[in-house]
Amino acid sequence: MSWLRAACARPGQDGSADADVFDDEADETLPAQREWKKRVERRVREGYRDGVDAGKAAVLQQGFNQGYKEGAEIIVSYGQLRGTLSALLSWCGLQDRGSPWIEPLSDLLDAVGQCEQSVLQRLTAAPPQPHVADLLDSIQDMDLCPSAPACEKSEEEGLGRFDTDLNTDCRQEADPSRSPLSPGHRTQRGSRPAKPSFSWIAEQTASIVEQLGLSADILQNIGRPGN
Amino acid sequence: MDQPPDLFDAIVMAEERYHGEGYQEGYAEGSCLGLTEGRRHGVSHGANVGSEIGCYQGFAFTWKCLLSECTTEKDSKKRRMLDSLLGMMQKFPYADPTYAQLHEDLDRIRGKFKQVCSLLSVQPNFRVGPGRSALSF
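Chains A and B, in that order, give the protein sequences.
Per this note's numbering, residue 1 is the first one in the first sequence, and the count goes up by one each step.
Per this note's numbering, residue 1 is the first one in the second sequence, and the count goes up by one each step.
Think of the hints as simulated: they come from the structure by calculation, not from any bench.
Keep in mind that the hints are not guaranteed to be accurate.
Said to hold, decoys possible - Derived lysine-lysine pairs resembling BS3-like cross-links, with alpha carbons at most 30 Å apart:
1) K91(B) with K112(B)
2) K112(B) with K64(B)
3) K69(A) with K74(B)
4) K69(A) with K114(B)
5) K114(B) with K91(B)
6) K77(B) with K64(B)
7) K64(B) with K74(B)
8) K64(B) with K91(B)
9) K64(B) with K114(B)
10) K91(B) with K69(A)
11) K112(B) with K78(B)
12) K77(B) with K69(A)
Claimed, not checked - Derived list of chain A stretches under chain B, where covered just means 3 residues or more per stretch with a C-beta under 8 Å from a C-beta of chain B:
13) 96-105
14) 195-206
C-beta: ideal position from N, C-alpha, C; glycine also.
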């Protein structure tokens, strides 16, 4: 807050009123200056607090709406995969209570749940939308850097990190040539990665559907995360 | 102290100015915080609804495929019910938080889903929403 420091350092020159106040009683200049400085700081703090509240209130709903759409559109695919697995599981159970497919299907269902949760965690921890950069620029211009740590620091590197994270989970699905649902691109069962990705689970599901002799149409309802 | 009223006004105005300058800076930071905070809540709510609707979609679509070869009267009734549920979800703008009927429609879809499950005599074993209690958000 450079302007505040400047204002406090030379209260007499900041305006004729200030000069008048302090010049009249020369002996009391120092205590009066201190008093005035305290008042100024208090007013700036109050103003700042009011501003933060007002600024927050003005955009909370906008942020909520953006996040809501994003969360719903990304997570719906995970729900579709879980619903599909759950239907297959209940169907196998109705056909044969001791079906050997129950266990692998349950495992995949758990894996989708974990995958979904970790994506959600990343989404809620991810930095704000790119256009916030404009705001951040203006805050930097105002020399407010020490009081805007969270948003500012994480912006650049945070966006990069988010992209990288998505790469591991979702980016593969965006490439049609590597579609998990296409034949001839199947992972061997039993080689379960430590952190199964959406595409790996979808591939395993496709493999089970095929081995059950069911139509691959079943998998058509599953979207790809982010689409 | 020749003109006390003017002096007093000047002090008040200066204080107002300092308040206003603080306010502007606070507003800029508050906007940034508000977007982040609002977005975080939004993502979590949107993900809840998306996850739930996705589950119903995947479940209903898969069962419809599983029953496509079956020809009994009971099976075609199940298919009609599944079609009706899928139709309700197709029209449902689950990703639009400004849609006024969001909760009403969601409740109707939940009711329909329960009917479908009971007709199919199955208990879907997915939790609705990751790590959350079933059917509540």
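Practice item. Hints the structure violates: just list their numbers, smallest first. Key: 3, 12, 13, 14
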